[in-house]
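Could you build the full structure based on these sequences and the hints that come with them?
Residue numbers (the working numbering), protein chains in the order written: chain A, 1 to 356; chain B, 1001 to 1356; chain C, 2001 to 2356; chain D, 3001 to 3356.
Derived from the structure by calculation, the hints contain no laboratory data. Incorrect hints may have been included.
Have a look at the derived ranges for each label pair, beta carbon to beta carbon [what the hints assert, rightly or not]:
#, chain 1, residue 1, chain 2, residue 2, range
1, C, ASN2113, A, TYR26, 34 to 40 Å
2, A, ARG34, D, ASP3032, 58 to 64 Å
3, B, SER1013, D, ASP3032, 21 to 27 Å
4, C, GLU2021, A, ASP50, 36 to 42 Å
Listed below are several chain C residues computed to face chain A (Cβ distance under 10 Å; list not exhaustive) [stated by the list, open to error]:
#, residue
5, GLN2008
6, LEU2019
7, ALA2057
8, THR2060
9, GLU2089
10, MET2095
11, LEU2220
12, ALA2221
13, HIS2222
14, HIS2226
15, LYS2237
Below 20 Å or equal to it, Euclidean Cα-Cα: the simulated PhoX-like pairs (lysine-lysine) are [claimed, not checked]:
#, chain 1, residue 1, chain 2, residue 2
16, A, LYS123, B, LYS1123
17, A, LYS295, B, LYS1123
18, C, LYS2123, C, LYS2162
19, A, LYS192, A, LYS162
We put the CB at the ideal spot given by N, CA and C, even for glycine.
Protein chains: 4
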Amino acid sequence: MYFGSDNQTGASSQVLNMLTEANNDYTHGYGDDRWTHQAIDALKTLFECDLDAYFVATGTAANSLALSCMVQPWESILCHDSAHIILDESTAPEMFTGGARMVPISKGEGKINPVQLNQYVQKTGTDYPHNVRPAALSITQASESGLVYTPTEVAALSAAAKANGLSVHMDGARFANAVASQQCAPAELSWKAGVDVLCLGATKCGALSAEVVIFFNKDLAHTFTHRRKRSGHLLSKGRLFGAQMVGWLQDDHWLELAQHANNQAAKLAKAIASIDGLTLAWPVESNELFVIMPKGLAEYLQAAGAEFYDWYESTLPANITLGEDEMFARLVTSFVSQDSQREAFCGHIYAYFAAQ
Amino acid sequence: MYFGSDNQTGASSQVLNMLTEANNDYTHGYGDDRWTHQAIDALKTLFECDLDAYFVATGTAANSLALSCMVQPWESILCHDSAHIILDESTAPEMFTGGARMVPISKGEGKINPVQLNQYVQKTGTDYPHNVRPAALSITQASESGLVYTPTEVAALSAAAKANGLSVHMDGARFANAVASQQCAPAELSWKAGVDVLCLGATKCGALSAEVVIFFNKDLAHTFTHRRKRSGHLLSKGRLFGAQMVGWLQDDHWLELAQHANNQAAKLAKAIASIDGLTLAWPVESNELFVIMPKGLAEYLQAAGAEFYDWYESTLPANITLGEDEMFARLVTSFVSQDSQREAFCGHIYAYFAAQ
Amino acid sequence: MYFGSDNQTGASSQVLNMLTEANNDYTHGYGDDRWTHQAIDALKTLFECDLDAYFVATGTAANSLALSCMVQPWESILCHDSAHIILDESTAPEMFTGGARMVPISKGEGKINPVQLNQYVQKTGTDYPHNVRPAALSITQASESGLVYTPTEVAALSAAAKANGLSVHMDGARFANAVASQQCAPAELSWKAGVDVLCLGATKCGALSAEVVIFFNKDLAHTFTHRRKRSGHLLSKGRLFGAQMVGWLQDDHWLELAQHANNQAAKLAKAIASIDGLTLAWPVESNELFVIMPKGLAEYLQAAGAEFYDWYESTLPANITLGEDEMFARLVTSFVSQDSQREAFCGHIYAYFAAQ
Amino acid sequence: MYFGSDNQTGASSQVLNMLTEANNDYTHGYGDDRWTHQAIDALKTLFECDLDAYFVATGTAANSLALSCMVQPWESILCHDSAHIILDESTAPEMFTGGARMVPISKGEGKINPVQLNQYVQKTGTDYPHNVRPAALSITQASESGLVYTPTEVAALSAAAKANGLSVHMDGARFANAVASQQCAPAELSWKAGVDVLCLGATKCGALSAEVVIFFNKDLAHTFTHRRKRSGHLLSKGRLFGAQMVGWLQDDHWLELAQHANNQAAKLAKAIASIDGLTLAWPVESNELFVIMPKGLAEYLQAAGAEFYDWYESTLPANITLGEDEMFARLVTSFVSQDSQREAFCGHIYAYFAAQ
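As structure tokens, then:
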């Protein structure tokens, strides 16, 4: 009953096998190897365009490095107030950007929208250099509340951003889940919808450690290699990332992994929705579930070995106030989640309520 | 009719004369001179305590240097969302702190309060190093809305801050106005109320350029001289600051200057309050007035030579929405404001409305 | 004939197998897993002491994070002018330390010595905050010239450092080679000789990507987890590092790998020393060879498929000046180097000279 | 007998009077005032060209802000190893540039020369992003050893810099002394000789605090206002700098002040050169003297009230080694130095030697 995080698994067999295969042979270091080159080619094919792509080990590094190419130290980055970059990545964005400012502009809804962006920009002072100019918008796909942005929604946000002089960053730690959820082309959810830089994460969905910063807007990329090196994120044995990514993308493997996780989440959501006493805080559109449950149940489940997180109360929907006896739980499914785990988990819930 | 800012004047005669007097003679450099020593002694007397005090040229430098002694780069600074440090000082706090985060926790009221502080802290994640820990509270005295915190209010905020592990910074760019307004002892508004570090500004109230960072909590001061030097804020001819501060503090000169500005503001507020069609957004408790007026009037006044700023709409009281034909204006009085200026200003207002 | 770098190989079988084994099963993320715990226990056993240990992906990250715990932004780090941290890691030390200064104090000899350290410190101004205080010494084991420091040499350097108020960092990217070369206990070459923080690298000697920052002086470690997270170096799937390190350390595997590389280097050195027209710039004490050869030979070898680097002329011994027709080459052996490669390489050299 | 530093005086009468005159009247803040505008016009006339000019309070701020516009954080700044920016300004360059590297390339001679520059660049690795690219050359006029660069020397250095892709910064804290010494046009010593950015200091030569960063190469200036604001160096009452600079430049006042200081230095040098037992380490070409004297004499003079600094031994000429009983002293004359001071000082020297 591991619903703690999609980082509690290892790699998929296909990803691991490709890494094992890549382990033999000599190659040049620092990403000048056949696996890295092949991975970049695969990304170009997948996204149906030319692009610049750079691999790093963590999502925090990917996001912060990307943003550091998009803003000056005296500018700001707008995002949702539940955004991973503002809640869960320490002050990495400030470190990498040399001290740009993080500004949350949306709250109480699971996704950011163009109205909030426009309102913020209109009310913000423009007396430079005194005021801080917004220069980038960051959106997370799927969002930190487990919701997906449609291509139309992304395009509307990008249009609002660009009308105000902001470039667009997408934190795609669960981009695979969002694509699987909508059965759309990756290009439709990214550059065709105005995204300048996508941080595509494989780690949560089948890799051990492989994140790639993709610049559709190549003009933003020209300092990236310097920034990656001086932040210690240029691996000498670049095949580690390249091989994982080749294995991950081959034969739509990444989408199958994401679809599996999404399906497990949908089944779990259906089961939970049918139980009196449990509330889903947000619609389940990817592989995360946010459940309001009695504290007693949470303790009961954890005692039974279930893993899930006590989530940030600040990220609740605006219309929900947590009761004193309630807990706001996040459950995450992954590419290895099994029906049997869900069934065991629900069985414990039934048992708990039956005993009340 | 100069109500643009209290930085549009020069120095008071007493301050300038002391600077002139200090100009002669040899002294050692870098603040090791009789004027700087005398100024620090005067501060100790004024605040009735031992303290560490360091001079710098600007309020932005004072605030940012102070805060850099109070937080680590992976921590955050809480403040009002109208705070000068977050609205008007570019990303200086981020630069000086090495990338700590600025977090506004209060909005729609002219002052921050302990409930807002406690709510923020309670809803904020504490899973370090992922989450960002609040480590300092910054309050502005008088506030950016022209309100003053009473000693009791400061003490309550400090108590809430310290209960949550935060130290307390006070941006005292208009501390003189706040003291004059309340006729209380400077100690009551600062260290006795729990303030750890006070940035006391003389520039807006009679000096040309003289700000002093006062550490009541001397444990926080031990890296200050390094930080001041490496940010280029250690003046070689330290007498420039020392002499101004000696002149400013002598014989309660600073309070007389502040009282004059406050009085002029009070008179102007009384006149404005009596005019139909004008609204004071906030009570006038120091030397700033925030006036909602017809845009046509604003243009008429500016054409007549009046100076004042079109102010941030985001800092309006929560219960006020600006109409399309309205302007949110800030007017500031200073130690040289004259009755005649106010009378001329009001005369133009009357003329405008008479012509409608 | 791959003598380009020890990063041109993959992982050893034992390391890769442990990673494969660790891939299954659920674990907690962020290093709270059995593999990471087991690796840290193995390090404690290996070094015969208590210690704090943190894993990261690259040597640059390890060194820079370690140094950032050892100096303030207004202090300096002393090192050899051939040090990897000053030559090959961009300005990563400056980025991580928040702008501390890198100061090379040794040149023309392959190792730093206490006399150079003492001379530098004695001639350096101590008028703070104007002058920059040296606060850390960094030494590389094995050195960038392929030399090893004996326990006695390390102890003498540490003693000089500490007498001057500096803490001691060791860049151990090839620590395994240095230990294997001297057949001494790891403790003798590190904490018993006064090293405060050791960056132990497995990547160059059998792992894919696994570096560990070891704090023997635990007082220096208390900000490390914050610094690692905000620089994007905290992996979610911590088993990646933990498993590699467990495999690497098990049954003295790491020493066998290093010994193999050293042996291959020794054999190659012997062959080269016997050839007229080739000069070894430095004694070969680990797995690196620095060879002065005719440019024509270098081109001939590269055309034949040999890989090696044209090395920094600035790192030559003081008594050697490179001729116009000469090249300063670096050759590196690794845990997979074969006799056959060396023989082929030497065969090409013989053929070249025979044809002259 | 104040020969400690040219920062031990106040302002000249002409400078102070202009400041007093500027004190009255309202003006806009932040440098949008008649004095600042007039000062910039005067600089354009003086340098016979268009230029961008920005005022700050200290030389450290001026230099660091200028350099931050000239290099990226992953690049380096080359300078003399006695340069004020590397010896006496803490790690301010690192702070303002976001962590660029300071590299001394010259030693043992009082000035840097093109051969040293070319040698450094040729021996430096160019394997980016691993290596650090030199991007700016900084030269000090007059140099920290009191020597002046001729227009021809500056032009040769600039040519070498630009041939290698470096821009040229001049630290002109004593630019006035250098111009007065050579009786040449300011343009000849700056932009006509290839200088891109000049930090012109008035503080050491007649002002209280007034430094100006002059961009002859305006392409480098576009981020300056942001950088000045976020480092706390934008003064609200900009007239403070503007008025001093107007007074300083008016009627060649600045050159008369510098000439006076130079003349006093020349007379003192002549006297010292005639005394057995004293050695001038460097020719006296501006207003600084570097004297090797018996330690006993130094103590005798200081006991008699003379002020001068015990200078950095590391900055001695290469051919001089300091004896155990010798002191390396720096003496500085200023615009207020008097014949009587010099005569008293020399009198004490004669008395000391007479008594031996």
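Status of the hints after comparison with the structure:
1. C/ASN2113 <-> A/TYR26: 34 to 40 Å: At roughly 37 Å between Cβ atoms, A/TYR26 and C/ASN2113 fall inside 34 to 40 Å, so the hint holds.
2. A/ARG34 <-> D/ASP3032: 58 to 64 Å: holds (60 Å)
3. B/SER1013 <-> D/ASP3032: 21 to 27 Å: holds (25 Å)
4. C/GLU2021 <-> A/ASP50: 36 to 42 Å: At roughly 40 Å between Cβ atoms, A/ASP50 and C/GLU2021 fall inside 36 to 42 Å, so the hint holds.
5. GLN2008: Holds, about 5 Å.
6. LEU2019: holds (8 Å)
7. ALA2057: holds (5 Å)
8. THR2060: It holds, given that the least Cβ distance between C/THR2060 and chain A is near 4 Å, below 10 Å.
9. GLU2089: Since the shortest Cβ distance to chain A is 7 Å, the answer is holds.
10. MET2095: holds (5 Å)
11. LEU2220: Not OK, violated: C/LEU2220 not within 10 Å of chain A, min 19 Å.
12. ALA2221: With a closest approach of 17 Å, the C/ALA2221 hint is violated.
13. HIS2222: Violated, about 15 Å.
14. HIS2226: At 7 Å from the nearest chain A Cβ, C/HIS2226 passes the 10 Å test, so the hint holds.
15. LYS2237: This hint holds: C/LYS2237 lies near chain A, its Cβ roughly 5 Å from the closest one there, short of 10 Å.
16. A/LYS123 <-> B/LYS1123: Between A/LYS123 and B/LYS1123 the Cα gap is close to 26 Å, so the pair fails against 20 Å, i.e. violated.
17. A/LYS295 <-> B/LYS1123: holds (17 Å)
18. C/LYS2123 <-> C/LYS2162: holds (17 Å)
19. A/LYS192 <-> A/LYS162: holds (14 Å)
Hint compliance for this structure: hints 11, 12, 13 and 16 are broken, all remaining hints hold.
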